[in-house]
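**Student:** Listed below, chain by chain, are the residues.
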Amino acid sequence: MEERLFVRVDDRFIHGQVAVKWVRHLRLREIWIVDDALAKDSFMQGVYGAAAPPGTQVHVVATQQAAGSIAIPASRASPALVLIRSPLVAVDLLQQGLPFSELNLGGLAAVPGATRLSKNVAVTPTQVEALCTLVDAGIRVYIQMVPEEHRIEFDPTVAKGKAVPMNALR
Amino acid sequence: MQVTIGQALLVALAAYLGSSTWFLGVGYYTVYRPLVAGTIVGAILGDWRMGMQLGAAINAIYLGFISTGGTLPGDLIFAGYIGTALGIAGGLDAAAAVALVVPLGLLGSGIWFFRMAADSLFVHWADAFARKGDARGVGLVNLLPGQLLMLVLYGVPAFLVVYNASSGVQAVMSLVPPKLVEGLAMVGGMLPAVGIGMLLSYVATWRVMPFFLMGFLAVVYLGLPVFVVALFGLAGGVLHIQYAGHLSRQREAEAATSDARQRESTERLLSRNDLLGAWFRWLTFSHSCYNYERMQGLGFAHGMSPIIRKLYSTKEQIAAALQRHLLYFNTEPNVGAVVHGVAAAMEEERALGNTELTDEAINSVKTGLMGPLAGIGDSLTQGLITPILLTLGIGLAQDGLLLGPILYVVLITAAIVGISYVSWMQGYRWGKVAVERILRAGLLHDIMEASSAVAMSVVGALTATVVSLSTKAIIRIGPQQVRLQADIFDKILKGLLPLTLTMVVWWLLRKRSPLTVIVWVFVFGLLGTWVGLLGW
Numbered sequence: 001m002e003e004r005l006f007v008r009v010d011d012r013f014i015h016g017q018v019a020v021k022w023v024r025h026l027r028l029r030e031i032w033i034v035d036d037a038l039a040k041d042s043f044m045q046g047v048y049g050a051a052a053p054p055g056t057q058v059h060v061v062a063t064q065q066a067a068g069s070i071a072i073p074a075s076r077a078s079p080a081l082v083l084i085r086s087p088l089v090a091v092d093l094l095q096q097g098l099p100f101s102e103l104n105l106g107g108l109a110a111v112p113g114a115t116r117l118s119k120n121v122a123v124t125p126t127q128v129e130a131l132c133t134l135v136d137a138g139i140r141v142y143i144q145m146v147p148e149e150h151r152i153e154f155d156p157t158v159a160k161g162k163a164v165p166m167n168a169l170r
Numbered sequence: 171m172q173v174t175i176g177q178a179l180l181v182a183l184a185a186y187l188g189s190s191t192w193f194l195g196v197g198y199y200t201v202y203r204p205l206v207a208g209t210i211v212g213a214i215l216g217d218w219r220m221g222m223q224l225g226a227a228i229n230a231i232y233l234g235f236i237s238t239g240g241t242l243p244g245d246l247i248f249a250g251y252i253g254t255a256l257g258i259a260g261g262l263d264a265a266a267a268v269a270l271v272v273p274l275g276l277l278g279s280g281i282w283f284f285r286m287a288a289d290s291l292f293v294h295w296a297d298a299f300a301r302k303g304d305a306r307g308v309g310l311v312n313l314l315p316g317q318l319l320m321l322v323l324y325g326v327p328a329f330l331v332v333y334n335a336s337s338g339v340q341a342v343m344s345l346v347p348p349k350l351v352e353g354l355a356m357v358g359g360m361l362p363a364v365g366i367g368m369l370l371s372y373v374a375t376w377r378v379m380p381f382f383l384m385g386f387l388a389v390v391y392l393g394l395p396v397f398v399v400a401l402f403g404l405a406g407g408v409l410h411i412q413y414a415g416h417l418s419r420q421r422e423a424e425a426a427t428s429d430a431r432q433r434e435s436t437e438r439l440l441s442r443n444d445l446l447g448a449w450f451r452w453l454t455f456s457h458s459c460y461n462y463e464r465m466q467g468l469g470f471a472h473g474m475s476p477i478i479r480k481l482y483s484t485k486e487q488i489a490a491a492l493q494r495h496l497l498y499f500n501t502e503p504n505v506g507a508v509v510h511g512v513a514a515a516m517e518e519e520r521a522l523g524n525t526e527l528t529d530e531a532i533n534s535v536k537t538g539l540m541g542p543l544a545g546i547g548d549s550l551t552q553g554l555i556t557p558i559l560l561t562l563g564i565g566l567a568q569d570g571l572l573l574g575p576i577l578y579v580v581l582i583t584a585a586i587v588g589i590s591y592v593s594w595m596q597g598y599r600w601g602k603v604a605v606e607r608i609l610r611a612g613l614l615h616d617i618m619e620a621s622s623a624v625a626m627s628v629v630g631a632l633t634a635t636v637v638s639l640s641t642k643a644i645i646r647i648g649p650q651q652v653r654l655q656a657d658i659f660d661k662i663l664k665g666l667l668p669l670t671l672t673m674v675v676w677w678l679l680r681k682r683s684p685l686t687v688i689v690w691v692f693v694f695g696l697l698g699t700w701v702g703l704l705g706w
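Those sequence lines, one after another, are chains A and B.
Reminder that position 136 of the first sequence reads as 136 in the numbering used here, one-by-one numbering, no gaps.
Reminder that position 242 of the second sequence reads as 412 in the numbering used here, one-by-one numbering, no gaps.
Think of the hints as simulated: they come from the structure by calculation, not from any bench.
Using N, Cα and C, we set each Cβ at its ideal position, and we do this for glycine too.
Careful, some of the hints might be misleading.
To be verified - Facing chain A, according to a computed beta carbon distance under 8 Å, are these residues of chain B, among others:
| no. | residue |
| --- | --- |
| 1 | Y498 |
| 2 | M540 |
| 3 | S549 |
| 4 | L703 |
| 5 | G705 |
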């Protein structure tokens, strides 16, 4: 892995794909969840902390405190995982100056009005806007649920073209 | 042998049932696995022993098979049911059958994706029943259309392939030059290294790697049965957590602070039967209509239906309750059963007049908990318990003992049903505090650490028994001929090549996808045999 921060959009944060596969694949020791709702919920913080695999530390920070709090690992051999709920948070992180050049789209459940980009990733028009902003800023955005899958590059033109929302397909 | 129409139909039905929802939620752990599938197909085709041994060999490749969030590397129904039938009907030996099964499994993986996509449509039928407040209708949609689709998707190809198996396999094998058959057998012996490598990449840590080495050596040099190795692993694992136990004691101290809280009201509306009914439906049908749009959403609502019918009387209330549980939901269903129990408790409190439990509040508890519980659940059930018990079963089956698959089925069923029941009832009794109790008890982490030790021991033992690789190269040093295998490798360490292969594959899997590594194994095995480097 080329980066010290592996930033992943996943609305379930830590679950099987992360705990079983990514943690080992990336040799993770630190997981940072950047989420405002979770930062206020001490019960759920405890649950995430306890659910992390042995040997990994989970930290929860609010979006505004993210860049100031996240410790950049010294070595690329063991990057830190940054989990966010939506691409919009990634734009925030970028503006705060958090150093990352790739964004992993791992899992976004379909909500009304969302467009499906792959079987596990559905994005709303605002999220597509955010992703395009990131691509324009030079971030490589790709879809990859688990390490053994191939990466699918996010293509802004295709995503904008897919303007058919989920509801229309029913 | 010639397969009759009746036998082909039975194999087709078994192939569907292997992926169906009718086995108390343990189908995925039992009849879905090639070890069990092979035994069933063998019995249908008149040779259970051969079927069982083929199934055991095939299952070794898929030892690292962990499906998370609906991702499947290869299809075990095609590999197990169709693969064993082809092997028996075509008269193939285990190694050659194993090599043919891998492409078959890949072919089948498309079916899974098609099914997950098609089931997304049925969910909208369930939405329509929910709007009418028809809980039974929601349950029926969960059970029927998706399952009928699976019957067609698996039954038809299984019947066609198996019915034409003997002529088909013979036709294919007659085209293949003998040298290539030899190469395929070599590849078949190497492929289990991929399954073991995948499992290692999920389970192995440096803390428990010594157990792998001990398991390997115990088989190669002491000739111990896998079952005995597992017991040594267990003893070592218990010692291991006693020395490393400070971690969990620290967690217990943290947990003590929150143990005092529990559900606020003591009044109960739900009877024991309502609870059992809901748990049973969740256990059995959570994945009946698994789909990309809502994942287990329909299964969740179906499971809640007895609770909803008991707590609410008006059509509007029932409709609203069904609709709030039809939303997206995805977790590991057994440890995650606690969420279903928590949801039942929340519905009960809401019916008792707790106005804080709005639709949004209930949903946010569900969606908040489903992720972390899937993380711990997948690690425990799919990542540890299943491969440990499978390895035991495979070991016994390879010795020709029917006890292998039977013991596996009994133990895994007890483990899964037990975990699901305890989690669900804890969730109902304690509300969301149950999750904290389960996760923070420290016991779970100790169990997982000890299980990794057992897993590493048995996987080390399995490496020694199922992975095979040998060279027939002869080096000439002056007038002397030195056989590389017998005179050098076996003198250093028996099983040196299989062990090295497994370690190399494990390392490759860090960088490459399993599919790529499998292709490399094929190329290396076939080329190596062709040029005379590999052989017996």
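**Student:** Does each hint fit the structure? Answer for all of them.
**Tutor:** Right, here's what the structure says about each hint:
Residue-level restraint check for Y498(B) holds (minimum Cβ-Cβ distance to chain A is 4 Å; threshold 8 Å). At about 6 Å, the closest approach between the beta carbon of M540(B) and any beta carbon in chain A falls short of 8 Å, and the interface hint on this residue holds. Checking S549(B) against chain A: minimum C-beta separation of about 5 Å stays under 8 Å; hint holds. Contact between L703(B) and chain A, as hinted, is not supported at the beta carbon level, the nearest pair being about 29 Å apart and thus beyond 8 Å.
With its C-beta approaching chain A no nearer than about 32 Å, G705(B) sits outside the 8 Å limit, and its interface hint is violated.
Consistency with the previously given hints fails for numbers 4, 5, ordered from lowest to highest.
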